[in-house]
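*Asks:* Chain by chain, the residues run as shown.
Number of protein chains: 2
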Amino acid sequence: MKHTRIKDLLNATEYGQQVTVKGWVKTFRNNQFIAINDGSTLGNIQAVVDFANTNENLLKRITTGAALAVSGRLVESLGKGQRVEIKVESLEILGDSDPEKFPLQPKKHSLEFLREIAHLRFRTNTFNAVFKVRNALSFAIHQFFFERGFVYMHTPIITGSDAEGAGEMFKVTTLDFDGTPRTPDGAVDYSEDFFGKPTNLTVSGQLEGELAAMALGNIYTFGPTFRAENSNTTRHLAEFWMIEPEMAFYELEDNMDLAEELLKYVIRFALDHCPDEIEFLKSRLLEEEKSKPQNERSEMDLVAKLRFCLDNRFERLTYTEAIEILRQSKPNQKKQFKYPITGWGTDLQSEHERYLVEKHFKKPVILTDYPADIKSFYMRLNEPDDQGRLTVAAMDILFPGIGELVGGSQREERYDKLVERMHEMGVPTDEMDWFLDTRRFGTAPHSGFGVGFERLVLFVTGMTNIRDVIPFPRTPNNAEF
Amino acid sequence: MKHTRIKDLLNATEYGQQVTVKGWVKTFRNNQFIAINDGSTLGNIQAVVDFANTNENLLKRITTGAALAVSGRLVESLGKGQRVEIKVESLEILGDSDPEKFPLQPKKHSLEFLREIAHLRFRTNTFNAVFKVRNALSFAIHQFFFERGFVYMHTPIITGSDAEGAGEMFKVTTLDFDGTPRTPDGAVDYSEDFFGKPTNLTVSGQLEGELAAMALGNIYTFGPTFRAENSNTTRHLAEFWMIEPEMAFYELEDNMDLAEELLKYVIRFALDHCPDEIEFLKSRLLEEEKSKPQNERSEMDLVAKLRFCLDNRFERLTYTEAIEILRQSKPNQKKQFKYPITGWGTDLQSEHERYLVEKHFKKPVILTDYPADIKSFYMRLNEPDDQGRLTVAAMDILFPGIGELVGGSQREERYDKLVERMHEMGVPTDEMDWFLDTRRFGTAPHSGFGVGFERLVLFVTGMTNIRDVIPFPRTPNNAEF
Chain A
1 MKHTRIKDLL NATEYGQQVT VKGWVKTFRN NQFIAINDGS TLGNIQAVVD FANTNENLLK
61 RITTGAALAV SGRLVESLGK GQRVEIKVES LEILGDSDPE KFPLQPKKHS LEFLREIAHL
121 RFRTNTFNAV FKVRNALSFA IHQFFFERGF VYMHTPIITG SDAEGAGEMF KVTTLDFDGT
181 PRTPDGAVDY SEDFFGKPTN LTVSGQLEGE LAAMALGNIY TFGPTFRAEN SNTTRHLAEF
241 WMIEPEMAFY ELEDNMDLAE ELLKYVIRFA LDHCPDEIEF LKSRLLEEEK SKPQNERSEM
301 DLVAKLRFCL DNRFERLTYT EAIEILRQSK PNQKKQFKYP ITGWGTDLQS EHERYLVEKH
361 FKKPVILTDY PADIKSFYMR LNEPDDQGRL TVAAMDILFP GIGELVGGSQ REERYDKLVE
421 RMHEMGVPTD EMDWFLDTRR FGTAPHSGFG VGFERLVLFV TGMTNIRDVI PFPRTPNNAE
481 F
Chain B
1 MKHTRIKDLL NATEYGQQVT VKGWVKTFRN NQFIAINDGS TLGNIQAVVD FANTNENLLK
61 RITTGAALAV SGRLVESLGK GQRVEIKVES LEILGDSDPE KFPLQPKKHS LEFLREIAHL
121 RFRTNTFNAV FKVRNALSFA IHQFFFERGF VYMHTPIITG SDAEGAGEMF KVTTLDFDGT
181 PRTPDGAVDY SEDFFGKPTN LTVSGQLEGE LAAMALGNIY TFGPTFRAEN SNTTRHLAEF
241 WMIEPEMAFY ELEDNMDLAE ELLKYVIRFA LDHCPDEIEF LKSRLLEEEK SKPQNERSEM
301 DLVAKLRFCL DNRFERLTYT EAIEILRQSK PNQKKQFKYP ITGWGTDLQS EHERYLVEKH
361 FKKPVILTDY PADIKSFYMR LNEPDDQGRL TVAAMDILFP GIGELVGGSQ REERYDKLVE
421 RMHEMGVPTD EMDWFLDTRR FGTAPHSGFG VGFERLVLFV TGMTNIRDVI PFPRTPNNAE
481 F
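Residue numbers (this note's numbering), protein chains in the order written: chain A, 1 to 481; chain B, 1 to 481.
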């Protein structure tokens, strides 16, 4: 017997039809009303059992978490809370769930507890909603780029290049720690390793993406990236997904326009395609914030915050302008910043970014033209400013509650300037000869940026710990499942 | 000045409009006709230079591979081979390309040579076409599943579990080979490693996918997977992308239906969205096959082969039926198989699969119900057949020229049978307790399969070496770029 998805049934209007559903028991009340969920939607369908004529042993097996198949007629519901229900004619237990042992009881569990049983947390409403939104955002990203003729590039995960310098890397090897092959002078003999040389997990697909963009025009990556950094925060993962578009003939302004358009497109897509999920997550967040003091609660609810993002142009200003705002800000004057703003040239801390976004502008902010010294070698050098200070054509997008969501730049396309910067910053030019070839043969202005996908999901779901928006988080001392 | 994509210009009908294009020189003839490509399409736009009134030094810099911006009027072309061209009014060299040094000359290069310069091969027509088709297939996969309410799951790349047993794994570590931390008994002290235990690169997201499917209903993965196997063939990569859908309440038949529907959907999508690219690849293949003896050439051209796949139902038969066909086949009778088919129970070799697909049925074939001994522990055990032989509810889809494109099964959902199989096959049950929980709490029939993405791209592009359908292939002793 073919079964129907509960999502479709809840919208069905053809009363009296014979249907079969398969799913898991959420609750079972009065030996009569089963709430069944099959994952297709947050909503449950109510199945009404004729308990007087049902075997008592069977009834006992209808426990939270049990899988079952029920068949019967779809009828208009007389009870409150649902439009339709199933009048059960046959019921089969597909898989039992011992209520003494099943860890997910029909009550509220803490997110911390659910992280411990990440293999079961998909069965909760919260994680159903989170992963549906994550799915919608993923698809929206692909659709955005496909519609615009961008080519999706699967840049390599295992890399022999460690030049990007974006952070600590994981080693990938087939060598053994016991009896490691050695060269005559005692060094590890990587010629015996799988790839014949040391390899790592990628920290970014950008450099390879640039190669493709300088031929195909517009490309993007969307894949896993890695940092072996010992950061145990609510915003860092050792394994996370990044979207990295790279566009030939784009300058910094075009780059910002594209990033803003992308973010608005995917947020709108999520609102359009996951209204129930986002509504649920909005309530969840309101509930969570009740335990906080008034001044720590969000000024807007989740939906208002997302709509606000769509309706307002992101504020664009230079690093230099931002420093001036911060220098004159109340918290700086009152010495409330942990890192006081004294002058030009240092990197912004999270407290400064939050002040700009959440207090001063109260909307997403794009900061541009950072001091050259604190940014990567591949960013395009601007002309010195009137005080002779050197900046690069970088842009970071800061989001309320999230901080840096996007980091990008126009790339340094001028061979001589690029090599000079690489020397200054200690990036080996010989290992990067392939990268330099893009500047040797038909170089051209180009730009790109990276979006931290989990941070985007955090923003759209209103969750507060990045471990709760990826199926199986990898963090220091944690690679479970 | 905003530039227009060449793809859009080639379709433009508004003659006389002022346009700017930016791209790379493909050829420059008679000091007059520049063929410019910007990657947006295989087609070039012709820009006509008024050479009598153009600086001679500038003309000399219009070399193959140079990047330039030209502005002028879009006019109807008088020459053959193009409908429109640009009458150049201004021309700027964005980046030179020294013809003495640029490795890509306007002539035919071997695929082997292009593999050595994988960072530049995107600039050739062949690789432009291959990566456009790859892009269309990727998007089609996401769209297929999104339309059907499947949830895209990013299963972990770094895994602490090595139980799937699909092959040799790469170690992921931050420990050093020098001064490796040791426990008192001399073993490597993995508690000092980043994750506090040994970790590897995933060989499959299936087990984690099952966890999600048993809550969300229908899910799929699309991510990189890894094999540290020393296979230097035209069909194996150490790093490749896989699509792994997993569906609650699906039995083997549903599983096959979905796989066939998916493959047909994405092939049709590629034909619809990349007609020029596939036409180009068809010609390329015909050209390549000219050097082969007649009997090794394809019976159908690329487009005919793809259409044939769409128009015919994949042949479905059991392993047992296949063995009988093979046993009685001419090559077996004539002892032409390297591995003669003598009886039931051994795995099929590539020569057998090719015979079935390319000679006997001449279309894609789905083989089902393989002997239990040669398949994985998680596949569902069938009832013994009339001769008492044990099979599992597996299905492999074999494609002409490719061999195994899809491998899947109904999963063993019965706790006791699964544990028994794990013991028999030496899979540690204690490390897999999280996996067994799906069978403890509300287990249900479910199924899934894996598609090797690069093999699919091989099939649709007609390329013959898997290294030519992924941007930067990783194979033994090769992790360049």
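Hints were generated in silico from the structure; no laboratory data involved.
Predicted model only: the values in this text are computed from it and were never measured.
It cannot be assumed that every hint is accurate.
One copy or any two copies: either way a pair holds, since identical chains are not told apart in the list.
[Said to hold, decoys possible] The calculated lysine-lysine pairs, modelled on DSS-like cross-linking and capped at a C-alpha distance of 25 Å, are: (1) K290 to K108; (2) K330 to K197; (3) K101 to K305; (4) K2 to K264; (5) K362 to K2; (6) K292 to K338; (7) K362 to K107; (8) K108 to K330; (9) K197 to K171; (10) K338 to K87; (11) K2 to K101.
*Asks:* Could you run down the list of hints and mark each one as holding or not?
*Replies:* Now for the hints, and whether the structure bears them out:
no.	hint	in the structure
1	K290 to K108	within (15 Å within a copy, 69 Å between copies)
2	K330 to K197	neither (54 Å within a copy, 48 Å between copies)
3	K101 to K305	neither (40 Å within a copy, 54 Å between copies)
4	K2 to K264	between (40 Å within a copy, 23 Å between copies)
5	K362 to K2	neither (52 Å within a copy, 32 Å between copies)
6	K292 to K338	within (23 Å within a copy, 73 Å between copies)
7	K362 to K107	neither (36 Å within a copy, 57 Å between copies)
8	K108 to K330	neither (41 Å within a copy, 67 Å between copies)
9	K197 to K171	both (11 Å within a copy, 14 Å between copies)
10	K338 to K87	neither (63 Å within a copy, 61 Å between copies)
11	K2 to K101	neither (31 Å within a copy, 65 Å between copies)
Consistency note: the structure conflicts with the earlier hints numbered 2, 3, 5, 7, 8, 10 and 11.
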